[in-house]
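Undergrad: Whenever a hint applies, use it, and build me the whole structure from the sequences.
Each chain, written out:
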Amino acid sequence: MSNLLNRSGAIYRQLRAGDWLIIIFSLAITLLLFQTLWTNEHASKVQVRLGDTVYGTYSLNQNRDIVIEGGIGTSVISIAQGKVRFSKSPCHNQYCVHQGWLVRAGQAAICLPNQISLELIGENKPYDSLNY
Amino acid sequence: MAMAAIVINANKEPLYHAQGYVFGTLVDINIYGETEARASALANRVLQDFQQLHHQLHAWKNGPANQASQESASELMHVNTAFANSQQPVKLSPLLTKLLSDAQALSLRSEGLFNPAIGHLISTWGFQQDNFGVSKIDPDKIRSLVKANPAMSDITLKNGEVYSKNPWVKLDLGGYAKGYALDQAVQYLRGQQVQHALINIGGNIIAIGQHGNKPWRVGIQHPRKPAAIATLDLNDGWAIGTSGDYQRYFMLDGKRYCHIIDPRTGYPVQHTQAVTVLIPPQPHAGVLSDVASKPIFIETEDKKSHAAALLGIAYYMAISEDAHVLITENMAQEIEWLDEKFKLNAHVKLIKP
Amino acid sequence: MQIQTTQHDHQIAKLAALAIALHMIEALIPSPIPGVKPGIANIVTLYVLYQFGFASAAWVSILRVFASSLLLGQFLSPTFVLSLSGALCSLGALWLAIMLPKRLFTAVSLSVIAAFAHIAGQLLVVRLWLIPHAGVSYLIPLFAIAALIFGVVNGVITNVILQQTQRGNAG
Numbered sequence: 001m002s003n004l005l006n007r008s009g010a011i012y013r014q015l016r017a018g019d020w021l022i023i024i025f026s027l028a029i030t031l032l033l034f035q036t037l038w039t040n041e042h043a044s045k046v047q048v049r050l051g052d053t054v055y056g057t058y059s060l061n062q063n064r065d066i067v068i069e070g071g072i073g074t075s076v077i078s079i080a081q082g083k084v085r086f087s088k089s090p091c092h093n094q095y096c097v098h099q100g101w102l103v104r105a106g107q108a109a110i111c112l113p114n115q116i117s118l119e120l121i122g123e124n125k126p127y128d129s130l131n132y
Numbered sequence: 133m134a135m136a137a138i139v140i141n142a143n144k145e146p147l148y149h150a151q152g153y154v155f156g157t158l159v160d161i162n163i164y165g166e167t168e169a170r171a172s173a174l175a176n177r178v179l180q181d182f183q184q185l186h187h188q189l190h191a192w193k194n195g196p197a198n199q200a201s202q203e204s205a206s207e208l209m210h211v212n213t214a215f216a217n218s219q220q221p222v223k224l225s226p227l228l229t230k231l232l233s234d235a236q237a238l239s240l241r242s243e244g245l246f247n248p249a250i251g252h253l254i255s256t257w258g259f260q261q262d263n264f265g266v267s268k269i270d271p272d273k274i275r276s277l278v279k280a281n282p283a284m285s286d287i288t289l290k291n292g293e294v295y296s297k298n299p300w301v302k303l304d305l306g307g308y309a310k311g312y313a314l315d316q317a318v319q320y321l322r323g324q325q326v327q328h329a330l331i332n333i334g335g336n337i338i339a340i341g342q343h344g345n346k347p348w349r350v351g352i353q354h355p356r357k358p359a360a361i362a363t364l365d366l367n368d369g370w371a372i373g374t375s376g377d378y379q380r381y382f383m384l385d386g387k388r389y390c391h392i393i394d395p396r397t398g399y400p401v402q403h404t405q406a407v408t409v410l411i412p413p414q415p416h417a418g419v420l421s422d423v424a425s426k427p428i429f430i431e432t433e434d435k436k437s438h439a440a441a442l443l444g445i446a447y448y449m450a451i452s453e454d455a456h457v458l459i460t461e462n463m464a465q466e467i468e469w470l471d472e473k474f475k476l477n478a479h480v481k482l483i484k485p
Numbered sequence: 486m487q488i489q490t491t492q493h494d495h496q497i498a499k500l501a502a503l504a505i506a507l508h509m510i511e512a513l514i515p516s517p518i519p520g521v522k523p524g525i526a527n528i529v530t531l532y533v534l535y536q537f538g539f540a541s542a543a544w545v546s547i548l549r550v551f552a553s554s555l556l557l558g559q560f561l562s563p564t565f566v567l568s569l570s571g572a573l574c575s576l577g578a579l580w581l582a583i584m585l586p587k588r589l590f591t592a593v594s595l596s597v598i599a600a601f602a603h604i605a606g607q608l609l610v611v612r613l614w615l616i617p618h619a620g621v622s623y624l625i626p627l628f629a630i631a632a633l634i635f636g637v638v639n640g641v642i643t644n645v646i647l648q649q650t651q652r653g654n655a656g
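Chains as they are written, first to last, in the working numbering: chain A, 1 to 132; chain B, 133 to 485; chain C, 486 to 656.
Think of the hints as simulated: they come from the structure by calculation, not from any bench. Every residue, glycine too, gets a C-beta built ideally from N, C-alpha and C.
Derived DEER-like restraints, expressed as beta-carbon distance ranges:
hint, chain 1, residue 1, chain 2, residue 2, range
1, C, Phe560, A, His98, 41 to 51 Å
2, A, Ser78, B, Glu145, 24 to 34 Å
3, B, Asn263, A, Leu31, 51 to 61 Å
4, A, Ser78, B, Asn367, 37 to 47 Å
A short list of chain C residues far from chain A (calculated; beta carbon distances all over 12 Å):
hint, residue
5, Ile488
6, Gln489
7, Ala506
8, Leu513
9, Ser516
10, Ser541
11, Ile547
12, Ala552
13, Gly558
14, Ser562
15, Leu609
TA: As structure tokens, this is what we get:
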């Protein structure tokens, strides 16, 4: 066993040129995967606004409901597993609720009647403003 | 209206972001490269000007139910009352004179497809209220309103006065005022030597300068998903506007009735999900971004390019009811699809502008 | 009827049993990220590959997948299918990788290649069969980094064991 441990100190010498090639190549692929799949993708936070002010900024890595008193009643915003949505709204049309789950940075949902808006914030916002 | 504003300054970028609810919609102002104090003062001023404009131009009494005071009658409402009651001319403010003559010209150019005179049709469909929609369609009333044929050509503007020879004219500048406000804001901010700003009123966007060393980037809403369908760079002076059947609509017996009404039939348009127009820099880019998407939306696919040509629109994209995209070649070069389906070009048809 | 077994068969059976044991231990230890496991049973596969050739390694690997799933009561379940497709892709990659010149490539290379092939095989099944529209793309970079780290570690361990064995054989 001690022999084995001694030898593990020599890991560096154990690897040959081809091994390094494979490791560097794999590392490059891994970094490329992070770059392509982890940018603009899942947001980390949601910013909730009530009227003209920021009501709060919440991490998406939690499961919770946020209850907000808006102009015309109570809205409920649910955060679950990296996603967020309007789950309850006092508005007539329920557009905000029908928007469903938001996941990507830059995605937004607005409840105009109750003047509450959600916007997902991530490292890289894919756009500055949304044309809708 | 309280006008507090917010700075998103996580990465120490000189970007100031303010938001407010005006014109019954969300207004979003980004100012880049100014000090926070100055940017905040400028954004507040712009929001106040919008509010002022709204007070003068709103066509319907019932503002949002949560507003403490019911909105008082606007100048436009007085004009509408006068139209309904007599053919006597009423005095107009210089601003409204200018707006009405401009809206009239655009309506004529669009062969009446942009028609701000159909306020009665709009209220028949219930789109003037916060709780859009009706529980029952009234075909007789719609037929009689179409027959009455209220049009912008019915009104006469002369010596700062206006009258309508058709009592069924009811003006609703909902498809014009936001665009006008954009142009005003640009003029004001440029006058204040602001180099970089992006103004968004209910989805209509106009750009000044750029976002630091890269252009302002805007997302185009997917008509059926809570996400953008594509993005594009909005360069200095360019504006973008979308008419969508998802903005204001109600469902009745499984059918979607959106707020965009064909003035020739009196019924909401059902063959199109969204039309986006991109407007190159010009004096009324904001107005065009608001107005020009409507005629293209209303016309059927084979006549959409004709409708675009009427208002000189070179860049546009239309998404049909069955989710196929019709896009001008020059616009296709500008945009970057986010939706995989469209990236493959399988559902996209390129057309000559 | 008596089946004739050789010394070689016995050795393979013992090694397969070891692989099954390691596989089971791993299956019972919860992982912080679902789907991310060190894959220590692959050390056995690699060892057999070097000592006894590809056919034996394939036997050990497939035997492990079937036996473990039977013992864990997961036979023909999605977990089993994932495991099998990972193992098959891994074996396919090893079949090619063993042809690399030994002078330049040690078990570390093979281990890393096998680990990447393993996740590729699993993701293929997830994508095509289990959850076609799932947001698994988010997890792929994590799988890849895990494959790299555990691939290197398992490869180094395999190298050490192989050297020990050779030394034992020599001495």
